[in-house]
Amino acid sequence: MATTATHQPCVRSRMKTWWTILKISLEERFVYRGDFALGTLMRFLPIITQVFLWYAIFAASGKSKIEAYTANGVVAYYMLTMISRAFSSMPGLCNGIALQVRDGEIKKYLIQPIDLLGFLLITRVAHKLCYYAIALIPFAFVFFLCRGFFENGWPDPPILLAYSLSLILGFLLGFFIEACLGLVSFWFLEVTSLVFVYNLLNFFLSGHMFPLDLLPEWAAQFVYLLPFQFLAYFPAAVFLGTIEAGDVWRGLAVETCWLVFFILLARIMLNRGIQRYSGFGG
Amino acid sequence: MAGYRPSYLTVFLTFARNSLVRDMSFRTNFILQCISTISWTVMNIGFYLIVFQYTDSIGKETGWGRNEFFVFLATTWIINSLVQTFFMPNAQQFSELIRSGNLDFALLKPIDTQFVISFPRVDWAALSNLFMGITLLCYSMYQLTTRESDPLVLDWRVLLMYPFYIVCGTIIMYSVMITLASTSVWLGRNQTLYNFWFYITNFSRYPMEIYKVGWGMALWVFFTFIIPVLLVVNIPARIMARPLSTMNSQMWQLAGFAILATLACLVLSRRVFVRALKSYRSASS
Amino acid sequence: MPMALIELHNLQKTYRVYHKKEGLRASIKGLFKRTYKEVQAVKGIDLQVEQGEFVAFLGPNGAGKTTTLKLLSGVIHPTSGTATVMGHTPWHRENDYRRRFALVMGQKNQLWWDLPAQESFRLHQQIYGIEPEAFQQTHDELTDLLGLRDLLSQPVRELSLGERMKMELTAALLHNPEVLFLDEPTIGLDVVAQHNIQQFLKYYQEKRKITILLTSHYMKDVAALCKRVVIIANGQIQYDGSLSGIIDETTNRKLVTLQFADPISDSLLSSLQRFGTLVHLEEPRVTLGVTRDDVPAMLTSILDAHDIDDLIVEEPPLEEVIAEVFARVAETSSTQRDEDGVA
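Protein chains in written order, with numbering that gives the first Met the number 0: chain A, 0 to 281; chain B, 0 to 284; chain C, 0 to 342.
These are calculated hints, taken from the structure and not from any lab test.
No farther apart than 27 Å at their CA atoms in a straight line, the calculated lysine-lysine pairs in the DSS-like style are these:
{"no.": "1", "chain 1": "C", "residue 1": "K107", "chain 2": "C", "residue 2": "K219"}
{"no.": "2", "chain 1": "B", "residue 1": "K59", "chain 2": "A", "residue 2": "K64"}
{"no.": "3", "chain 1": "C", "residue 1": "K36", "chain 2": "B", "residue 2": "K277"}
Some chain C residues well away from chain B (every beta-carbon gap over 12 Å; in silico):
{"no.": "4", "residue": "E162"}
{"no.": "5", "residue": "E319"}
{"no.": "6", "residue": "V320"}
Ideal Cβ placement from N, Cα and C applies to all residues, glycine included.
Isolated chain A, as found in the complex (with noise of 0.2 Å):
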């Protein structure tokens, strides 16, 4: 009894303070309108230089389906990925964690009785309910225009479901890849190329250039074993239903072990981080 009684008011405080954390970071998106007007609207355009491609393509080749998908269906899709995208992509956490190793500003939460990945991952929330919030009028707008590419209308119940989880899961994979790769900066001066790397990788393995059916047999095998898929791929593929229903809750399943994976390995890195770091008298 005595232990919670003590504890209570610890996380009353605590919840306090990432309200607070939360509330900045909101206020602070919000002013720099101009980049998020923008920025959403702009999200929209290579899906129409994919929707003109596969046409040609489809055109082309004379084939109504290709592997799984019609043309409509590729459409789909890609619009799908955008949705997985939105949830699983963190610009600039990486590099924000690397310029605050670097700028000394990391000390910052030495001090502070804030928990780095929490506040960093509070602030990412915000950052993306934020985005939500704005962006949720022009993507169903363009969802409500491009409906005849969604051949089969609205899933079922319980995928509608899986395919929820997969975005949530999606975002905390995402997120906490990045905060890995970020994190590395306590090693390595300069970590931006290493985003771009991942960012490549992420491109091509997430699905995100492509559906990954359309990939060869073995290079298939190979990339459904790494966890890029459920950034992009997996959800889409969940939605239209191209995953069948028992798949996709082992495929949940895989996902939050890679979830539980970088949660670690990201604690494990901050620690070592900080000791390497304080060992230098930063």
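Put chains B and C on the given structure of chain A with help from the hints.
Structure of chains B and C alone, referenced to chain A:
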């Protein structure tokens, strides 16, 4: 000493040299960057190899078969690498200078401000893309000129026009980029610069024929005449990849227009830049 | 009337800043409709500086000192008014002008962060078109004076703040500018580095007879270097004259310190306070603030009645006087603000 004009070439060479010294002091980073650039090109080829498994050409009767399209792709890389080597790091730096107020120093220098903003950094690692582009270009040109049915005959005029239009394309890209970067003065923090740039140039990465269906015509007109990024790769690639004799009059007109567009872009971006400087407020630290 | 080297007439600069309101709700509202606020950073400054002067700009934060320097170096455009420096209008940014002055800012750096300062110097040589021999000579002289010889090949990011500032100064002086603007050149430096830079500036200015405008928070900088002081507060010039003049003008107080031979009794203390206010008491010394005119009368009466071991009459410290001026300005401006209204 009065009236002395600095030698822009010497200054540029020093910029390039300093950048190289800097890049070399972060060697691991440099190598990683080269590797990632090269893997990006490999992924691109991988993607299109997959695509060409399912079709013979991009678009029906457009003439962009596998090898022709690879010439197109190589051209994209060549222009991109030039932009990324010489301009991209500077445009990003420019936005940052505006935000932090460090643009002050550039404004103090007795040398053209646009010059001193556009060139101080050279991203040598991005040149690896140029290397990949030229390799792919040579390979696909070899394939095209030695294929059994109807081999491509290289015209000497093509060899002159191709580099000329590469330069034009690079200038157009530069103008769009510096214009975008200048907007940071009004928009404040401009994180989306890179995205915006990526999304706009994204249209330039494909043969323009694919847009010429249905409402895509509107896009075609917009990105040919308003923001002429469609001309950037299409004109040189078209000239290189297929016989000049198959260029129709519209294509020739576009090629002529591309020169005009290059000049217009350059002039316009200069004006935006100058206006941006006037609105610069110089943040304190 | 011959033109002064630097002339400002009714120079004004107004910024339009986005007025951010507190709270989340207001921020969301700010997405759709923004309110702007006009901030007058500089509200009409008139100033003449002659060749060879070393002038200090003093003022509280946000008073408009830095803005004035930025206007003079052509980094920003004024809202209205005129300025000429060596016959040029700064914000036209003619190359002829830009070759003749330099700006050093304690808060910003222009040297390439990851490269040795030497490389940035060489770049300067080319940009400013400095002849190799002249460059070498100035370069050697400056690096010797500032004791930088051994640091030239180290990347700038590895230098200490003081060393970096010295490098910045060197870079700025390589082209032998005739006018130098210094914005907080000693900010954040330790006492030794501060002193070094002061000594250097003093020596350099006397030797080259260049014109220097300096802003600083450190009164020591000002006292060591500048004969002329311009106090800017609230975007306007509040005082322009000699350093000692400020003291005469703003305060008629002297500090009188007395060291008594005997212990100071309470009755003595209260009788002393008839002459002035008690500033400091540390047995056997007592310091009083006394109106200037009262000093002789006070001294005669005390010297008559008591045994005095030591006696000092001095001006109050500069910091205090300046703070007094600032406080006075703040008072008048706060009464003014209500009348100004906010656009």
